Every structure is written in C-alpha cells, then in structure tokens.
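Protein chains: 2
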Amino acid sequence: MKISVFIATSLDGFIARLNGDIDWLLNAGDTNDPEDYGYSKFIATVDCLVMGRNSFEKVQSFPEWPYAGMRVVVLSRTLNTIPDQAVGKAELSAGPVEMLAAKLRAEGLGRIYIDGGKTVQSFLRAGLVTDMTITRIPILIGSGLPLFGELPGDIALDHIETKAFPSGFVQSRYEVRK
Amino acid sequence: MKISVFIATSLDGFIARLNGDIDWLLNAGDTNDPEDYGYSKFIATVDCLVMGRNSFEKVQSFPEWPYAGMRVVVLSRTLNTIPDQAVGKAELSAGPVEMLAAKLRAEGLGRIYIDGGKTVQSFLRAGLVTDMTITRIPILIGSGLPLFGELPGDIALDHIETKAFPSGFVQSRYEVRK
Chain A
54 MKISVFIATS LDGFIARLNG DIDWLLNAGD TNDPEDYGYS KFIATVDCLV MGRNSFEKVQ
114 SFPEWPYAGM RVVVLSRTLN TIPDQAVGKA ELSAGPVEML AAKLRAEGLG RIYIDGGKTV
174 QSFLRAGLVT DMTITRIPIL IGSGLPLFGE LPGDIALDHI ETKAFPSGFV QSRYEVRK
Chain B
54 MKISVFIATS LDGFIARLNG DIDWLLNAGD TNDPEDYGYS KFIATVDCLV MGRNSFEKVQ
114 SFPEWPYAGM RVVVLSRTLN TIPDQAVGKA ELSAGPVEML AAKLRAEGLG RIYIDGGKTV
174 QSFLRAGLVT DMTITRIPIL IGSGLPLFGE LPGDIALDHI ETKAFPSGFV QSRYEVRK
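Line by line, the protein sequences give chains A and B.
Take the first sequence: its letters are residues 54 to 231, numbered as in this note's numbering.
Take the second sequence: its letters are residues 54 to 231, numbered as in this note's numbering.
Please keep in mind that the hints were generated in silico from the structure rather than gathered at the bench.
A few of these clues could be false.
If we take Cβ atoms under 10 Å as the criterion, some of the chain B residues that face chain A in the derived model are [said to hold, decoys possible]:
{"#": "1", "residue": "ALA81"}
{"#": "2", "residue": "ILE192"}
{"#": "3", "residue": "PRO199"}
{"#": "4", "residue": "TYR227"}
Calculated from the model, a selection of chain A residues having no Cβ within reach of chain B, i.e. all distances over 12 Å [stated by the list, open to error]:
{"#": "5", "residue": "ASN72"}
{"#": "6", "residue": "ASP89"}
{"#": "7", "residue": "THR98"}
{"#": "8", "residue": "PRO116"}
{"#": "9", "residue": "ALA155"}
Cβ-Cβ distance ranges computed for the label pairs, FRET-style [what the hints assert, rightly or not]:
{"#": "10", "chain 1": "B", "residue 1": "GLY180", "chain 2": "A", "residue 2": "GLY206", "range": "35 to 45 Å"}
{"#": "11", "chain 1": "A", "residue 1": "ARG158", "chain 2": "B", "residue 2": "GLN113", "range": "47 to 57 Å"}
{"#": "12", "chain 1": "B", "residue 1": "ASN107", "chain 2": "A", "residue 2": "ASP76", "range": "26 to 36 Å"}
{"#": "13", "chain 1": "A", "residue 1": "ASP89", "chain 2": "B", "residue 2": "LYS111", "range": "40 to 50 Å"}
{"#": "14", "chain 1": "A", "residue 1": "THR84", "chain 2": "B", "residue 2": "LYS231", "range": "19 to 29 Å"}
{"#": "15", "chain 1": "B", "residue 1": "ALA121", "chain 2": "A", "residue 2": "THR98", "range": "45 to 55 Å"}
{"#": "16", "chain 1": "A", "residue 1": "ASN133", "chain 2": "B", "residue 2": "ILE213", "range": "45 to 55 Å"}
{"#": "17", "chain 1": "A", "residue 1": "GLY206", "chain 2": "B", "residue 2": "ALA159", "range": "45 to 55 Å"}
{"#": "18", "chain 1": "A", "residue 1": "GLY202", "chain 2": "B", "residue 2": "ASN107", "range": "16 to 26 Å"}
{"#": "19", "chain 1": "A", "residue 1": "PRO136", "chain 2": "B", "residue 2": "PRO205", "range": "36 to 46 Å"}
All values reported here derive from a predicted model rather than from experimental measurement.
Glycine residues also receive a C-beta, built at the ideal position from the N, C-alpha and C atoms.
All chains should be modelled from the sequences, with the hints used to inform the complete structure.
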C-alpha cells in the first residue's frame, strides 16, 4: 500500500502561517490559471485520505465539504466522536499510525493520502511514508507550521521527477528509499 | 550589485546538522561524479565572499584554505582580529549588513556571495538579497542548522530556473522580487 504525501510549502518549508492561514498560497501564481498541479490525477489514485484534527477543523469551516466521494479518516487522540455535520463523511482513528496503516492495508487499500504537517510527521517518524510530492511556492513567509519535524534518523529519498510551472511553482516527487 | 546565495540544503531545509556536520551532504550522490552543480561557473562571477564566524571557523579547520584568490569578508560582532593563519586571506566586518553592503557597493563590486545560515538570514531580513540558488539534497535529516529564519514580512520570489541532476539533487534559482 502506498502512503503518499501531496502538499505545497513555502520555499522556507511552511504549509501554513502560525494561525493556519494559507493566503500566501491562494494568492500565489495566477488565480485564473486552471493548472491544478497534478492534484486531480493524484487524487484519482487515492483510496483514503488521512488528516489530523487541525486540518479536519479547517475543512469543516469551508462552505462545502471538499472530499465528497472520498473516504476520510481523521487522526486524533482527543476527538471522541465525529461532529454531527461530518457524520457519514469522515471516520475517526485514535492511532497510533502504525495500527491505522495496518488496518487500511488489511482492507486491501492501494494508496492512502496523508495530509497536514503533524500527520505527515507522524507517518515519517514511523517509517511509513512511501512517496512525497512537494510543490514549492516561490515565497518566504518567515514562520509558520512546518511540513517536516524531528526524526529518529535520516530518511534517504530517491528523486523521481521535478517539474517547474509557469507560475514559478516547482514540484518534486520523491520515493522514500527502502 | 548582486547579493547572492548559493547553497545546498536537505529537503527539510537544513544546511548542516546541529553540530555543523555535513556528512549527509558529502555522502549524497555519487562521490566520483565530477558534477559541481554550477559552483565554478557561479564563483567565477563573484567579487567577494561574505561568511559568518561559524563558517569561518569551520573553513579554518580544513587542511587547505579553499578560497585562494577570492576576497573574503567575515561578518562577526565578536571577533576583534583575524587569526594569524588567516591574515591576508580574510578581512573582518562587524556589520551591520546594510553598512557592509553599502561599502562593497561603493567599491564597485558586481556580485557578493553570502554563505552560511545566519549570514543569509541577516541579509534576507535586511532586504538585501537579490538572488538565491538552492540545491535540494534528497534526504531528510530531521534537525540541524536551518537555511531560513524569521523575517519582518513575506519575501516574494521569481522562479528563474530549476534543474534536476542524475544524483537526485534539484537546483532552483530565484530572484527576489523588487
């Protein structure tokens, strides 16, 4: 089972400002540009999206649930139940990530998509991530929520492909070396 | 006058481990590969290298002074004199970086090369950097000395070019938007 990261960061490695804002990302590039940076192609290969509680709360504030038709697991040690408005849209997992990954693998899933800094960091620390597609936005924001965090040891990667877009976004795909 | 960054970082944004080690960088790629990632072409355009005290001390521990023929300024508020073995090789500046940049510009220099995390961060905070060439090594090291730091505000960049090398190193060149 592939466990995949697909995420955008500032050049200084942040996925959001400290308050969660992604204005710098939404305003980057040409907002009329229909380029989706491979997202729809990627998402078509995904069987389940795993996100943390922070991302889940952010997504619930959106006018529309953006993951219709996608299985979503919310990783949280503190949530006990899914809020009413999200019932049928998302399921809960208290982790740890090793157990969640084993469960989804046993169900025969081909690919899970892990989203959010803390979730990505948990899966990386557990040695579970298989591949990462990281899109660098040409801006420095100075502080924010980092994509990466501390690790028990180095993680070597194989570079698969890099694409630069007219917007200045640079997307690199890596596989975690086994 | 161009004020340029040319540096390698881990995918998680570190230029060295916390103790200064760059083993992860030296061991990356094929050590027999003669590829220099554009360094000699870049250095041929440089009139002066500006580094911090940490980099200066690191370089003095090398068996040979690697910057023969290059003007070197060491930026330090704590050093009062250049050590005997480096006299004639490097000069001191107590900063601030705005004054150093003004002095070098007044001397008619075309390009200065700023090296080391703290030095790069000081020049970025002062809004003085004109362009950055960043080479991403395909490894996560989890912790270390970061290339980037806090900023007084966002810095927008123009992406100029990205090259991926057979070693998996990905080099992107940016100009700071004026």
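Notebook entry, point to check: Among all the numbered hints in the text so far, which are the ones the structure does not match?
Noted result: Those not satisfied: there are none.
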